[in-house]
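Q: Each chain is listed here by its residues.
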Amino acid sequence: MSLHYTFPPASGYLLNRCLYQLKSDDTFRERYLNDPEATLREAGLDLERIAALRALDRDRLLALGAHAYLVFMASLRLKMVTAPQTFERF
Amino acid sequence: MVLRVHAAYGEVKQLLQATRPDVICVVAGDHVEGFFLTDVPALAVYVGSSVSGKFDRYRYTFDVHEPLARAVLEQGIERGFDLAYSQDLALDYAFFVPLHFTMPEPRVPIVPLYVNVYLPPQPTPARCYAWGQALRAILDARPERVALMASGGLSHFPGTDQYGSPDYDWDRQMLDRLVAGRGAETAALTGEELDKAGNVEFRTWITLLGAVGPARARVICYEPSWHHGNATVTWPVA
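From first to last, the protein sequence lines are chains A and B. In terms of my numbering, the numbers along the first sequence are unbroken and rise by one, the last being 116. In terms of my numbering, the numbers along the second sequence are unbroken and rise by one, the last being 324.
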């Protein structure tokens, strides 16, 4: 069995930066939700990475060098905006 | 379950309320919040006058005990630990969550101590343990009364196929060892073992275990949720 959390290759840097910003940068997340294509293009992603990120296709994103925790949290943050009723708060 | 975890935090708060430390040093992992791939320190100390962060709807700020933070940094370096430091960093929720529930009134300043847990290569368990031992020696020589807190774990696998299957057995066996005062054994764990047990964050505990030495753990609670083992533990030291 391979490790769950592995070294993020440099080829995945821009992708990881977008995931990080979707997780932690409210302004970037809002821009992304308004215009995902343009926001990711401006962030330097190519078409393949844009498609994988827009689909939140975890396996594809991991294959492109994304960090598993960032994929998880970016997806969660987006869902908290788009489907807030599915979350329970304590 | 949530209420039982909150009650356990309540016990820790009472303990801090009764013992009145001057400072709480918090060892925690960064969830790629304060540190991104721009800089990834294995071990770091926050040395500012205050520190802020956000987590969901929460916004928080804590005073930092700057003289102690600086002493830990300088003396840590003297003792051979090549610590990174920052004076401007978003404080991760791993620091905020336990403090949110346990900060005594009136509040006391903190010292945030970072251990890299999510961005491989992380520091080895042996290194974390050794840093904890050095930390204890540094703190023992200081005039402040210090509470040391570690935040992180237990078993969980965010973002992986194993998210719904934490390794509760690993957690329980580990807690048994800690209750027996066998924390020193954690220095011999491997990074691979921690990753496979969903316990990459256990490095923060190992750091604390280096500081508390053979003190026996008192487990206030261990609560397995569907995606996470939650433990609240205290170590009374002389």
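Be aware that a few hints might be false.
Distance ranges between label pairs, derived from CB positions [said to hold, decoys possible]:
hint: 1; chain 1: A; residue 1: Gly70; chain 2: B; residue 2: Gly267; range: 35 to 45 Å
hint: 2; chain 1: B; residue 1: Val183; chain 2: A; residue 2: Glu63; range: 32 to 42 Å
hint: 3; chain 1: A; residue 1: Leu73; chain 2: B; residue 2: Thr124; range: 34 to 44 Å
hint: 4; chain 1: A; residue 1: Leu73; chain 2: B; residue 2: Pro192; range: 53 to 63 Å
hint: 5; chain 1: B; residue 1: Pro322; chain 2: A; residue 2: Ala89; range: 44 to 54 Å
hint: 6; chain 1: A; residue 1: Ala77; chain 2: B; residue 2: Glu152; range: 46 to 56 Å
hint: 7; chain 1: B; residue 1: Arg143; chain 2: A; residue 2: Ser37; range: 34 to 44 Å
hint: 8; chain 1: A; residue 1: Ser37; chain 2: B; residue 2: Pro192; range: 32 to 42 Å
hint: 9; chain 1: A; residue 1: Ala36; chain 2: B; residue 2: Glu278; range: 19 to 29 Å
If you're looking for bench data, these hints aren't it; they were derived computationally from the structure. Just so it is clear, CB atoms sit at the ideal spot from N, CA and C, and this is done for glycine as well.
Q: For every hint, state whether the structure bears it out.
A: Okay, the hints, checked on the actual structure:
no. : hint                            : result
1   : A:Gly70 to B:Gly267: 35 to 45 Å : violated (52 Å)
2   : B:Val183 to A:Glu63: 32 to 42 Å : holds (36 Å)
3   : A:Leu73 to B:Thr124: 34 to 44 Å : violated (26 Å)
4   : A:Leu73 to B:Pro192: 53 to 63 Å : holds (56 Å)
5   : B:Pro322 to A:Ala89: 44 to 54 Å : holds (49 Å)
6   : A:Ala77 to B:Glu152: 46 to 56 Å : holds (48 Å)
7   : B:Arg143 to A:Ser37: 34 to 44 Å : holds (35 Å)
8   : A:Ser37 to B:Pro192: 32 to 42 Å : violated (50 Å)
9   : A:Ala36 to B:Glu278: 19 to 29 Å : holds (23 Å)
When held up to the earlier numbered hints, the structure conflicts with 1, 3, 8 and fits the remainder.
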